[in-house]
Amino acid sequence: MIRRPSTPLLLSLSRGSLATVPDLPAGEQRETLALVDGILGICERRAEHEQAWMLEEIHGIEELVTHLVMCGGDADGALRSRYAGLVPAGDLAPAQIPERYDVCSAMLSEAIPVALGADADTRSMLDAVLDVRIAHEREIRGDVKLVRD
Amino acid sequence: MSGEHHDTIAALLAQSLGADVTVTGTERVTGGYSRVMRRITAEVDGEPRTFVWRADPPEGEAIVSTDRAREYGVLAALGGAGGAPAVHAFDPDGSRLGAVGMIIDYVDGTPLHAVLSATDEREWPGHVRSIAELAARIHATDVADVTAVLGEVPSWADHIDSCVAQWRALADGQVEPAPLMRYVAEWLDVNRPPEVPLCLLHGDLETPNIIVEGDSVSAIDWEFTRIGDPREDLGYFAALSAISPPDPIAGDLTALCAAYREASGLSEAQLNPLTVSYFSILPFGPMVAQFVGQVTDLVAGTNRSLKTANLAYVVTAMAEGWVGVTRQLDAAKAAAGVPTT
Chain A
12 MIRRPSTPLL
22 LSLSRGSLAT
32 VPDLPAGEQR
42 ETLALVDGIL
52 GICERRAEHE
62 QAWMLEEIHG
72 IEELVTHLVM
82 CGGDADGALR
92 SRYAGLVPAG
102 DLAPAQIPER
112 YDVCSAMLSE
122 AIPVALGADA
132 DTRSMLDAVL
142 DVRIAHEREI
152 RGDVKLVRD
Chain B
29 MSGEHHDTIA
39 ALLAQSLGAD
49 VTVTGTERVT
59 GGYSRVMRRI
69 TAEVDGEPRT
79 FVWRADPPEG
89 EAIVSTDRAR
99 EYGVLAALGG
109 AGGAPAVHAF
119 DPDGSRLGAV
129 GMIIDYVDGT
139 PLHAVLSATD
149 EREWPGHVRS
159 IAELAARIHA
169 TDVADVTAVL
179 GEVPSWADHI
189 DSCVAQWRAL
199 ADGQVEPAPL
209 MRYVAEWLDV
219 NRPPEVPLCL
229 LHGDLETPNI
239 IVEGDSVSAI
249 DWEFTRIGDP
259 REDLGYFAAL
269 SAISPPDPIA
279 GDLTALCAAY
289 REASGLSEAQ
299 LNPLTVSYFS
309 ILPFGPMVAQ
319 FVGQVTDLVA
329 GTNRSLKTAN
339 LAYVVTAMAE
349 GWVGVTRQLD
359 AAKAAAGVPT
369 T
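As they're listed, the protein sequences go chains A and B. Going by this note's numbering, the letters in the first sequence line up with residues 12 to 160, in that order. Going by this note's numbering, the letters in the second sequence line up with residues 29 to 369, in that order.
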């Protein structure tokens, strides 16, 4: 397979072509075109960054979970057992990253009630992990708007 | 809508009003999340009047599905009081007019968002007071009048438990783990404000649904009406105004809270910017659950709507906003010496 032009570039070119379509009168067609452009923009940004951003979040979540386990916040051992047996994130093959991201997201969900009631350092770590996720989602969605009927 | 439907509408209105009614025309009204609406012009005993037919859209076309019978039942119980339009007829199975729907009074006036856009910002405090008074008027409805439609009033603690449970279900029921939703659910659980009496809510109090005509202020689109905490309507209004300007609150809930306390008699401990901000998050759980359900259908291949794909990203924007509110409230509480999570 050929890798170049890259997926982000192809998507960017497609959006550029859409931008040359003459202005449509306000209505369903113009709305649909705007939606297609918005979704292509999301695809472009995801194709460019998705794997690196998932890895960044995986590292942050695993650091938080390790901290919680080390400081006794994992009273019932649920986080420890979920974390045990995972290969180091640095050894993941690209195809394994999405699945590991889901595992880490589930661990983060479990860790949140514990971290919310923990000390200030743990809370700061949680906030930092959530902030990274929020920043990635913000970057991906661009200026998406709710489209009403 | 055919001439045959005009005759049916005329007959329904004649029965409701006890008058001679001739329908002279109908036209589609745009706007709203999910309802089909047509403005009906008619002559009632020779005098011109305007009504609205408000009905369910064709199956699968609504972003959010709500219950027309419930909406009709509450409006009928209100009888035009509480800032609500009077209802005249209900077609519970669509056999009369082609879709499940109702005929209600057309509320004359201008939507608040248009009024604000055309008004100098220095006049907005007067509108903020009107919003607070409208909300207090709706919330002062005797709940006994609507329990036949909306069910018995739960305890405040049970109501909040139920709302938090909806948020947890929302976090657990997505197509992939959703830690931001989980965070919001847990934060809502451990940061409950003081209790206040539950009441009838409008449920979708936002500037397009508030109609201003001179000194009169009314509320339309009652499809989300329910029993709840009165601060839900205020927090919802503040949240939607912030994301859909013009925003008469402009990030400062002080004046809205003061006007609402004056109109309702709630104390400052019960109703202040911090407690209302809590409710700028809580009521969105059920709405977002419907959005997320559609995204689940999209991933499963049973929904092929581009709007739904777009919706998935709108939800991430909403989640960012909610997390931001929790941080602001935590900071405000810390500054005030109130223990935080």
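Source of the hints: derived by calculation from the structure; they are not laboratory data. Here the structure is a predicted model, which means the values were calculated and not measured. Worth double-checking, as some hints may not be accurate.
[To be verified] Computed far set for chain B versus chain A, every beta-carbon distance over 12 Å:
#1 Val181
#2 Arg254
#3 Thr344
[To be verified] For each label pair, taking beta carbons as the anchor points, the in silico distance ranges come out as:
#4 A:Val32 <-> B:Gln356: 39 to 45 Å
#5 B:Val366 <-> A:Leu24: 50 to 56 Å
#6 A:Pro105 <-> B:Asp325: 25 to 31 Å
#7 B:Gly154 <-> A:Thr43: 39 to 45 Å
#8 B:Gly154 <-> A:Val32: 43 to 49 Å
#9 A:Ser92 <-> B:Ala362: 32 to 38 Å
[What the hints assert, rightly or not] Pulled a few chain B residues facing chain A out of the computed Cβ check, cut under 10 Å:
#10 Asp95
#11 Arg98
#12 Phe118
#13 Gly179
#14 Val192
#15 Ala199
#16 Asp200
#17 Tyr211
#18 Ile277
#19 Leu302
#20 Val342
#21 Ala345
#22 Ala347
#23 Val353
Don't be surprised by glycine CBs; every beta carbon is placed ideally from N, CA and C.
**Asked** Which hints from the list above does the structure break, by number from lowest to highest?
**Response** Those not satisfied are hints 3, 10, 11, 12, 13, 14, 18, 19 and 23.
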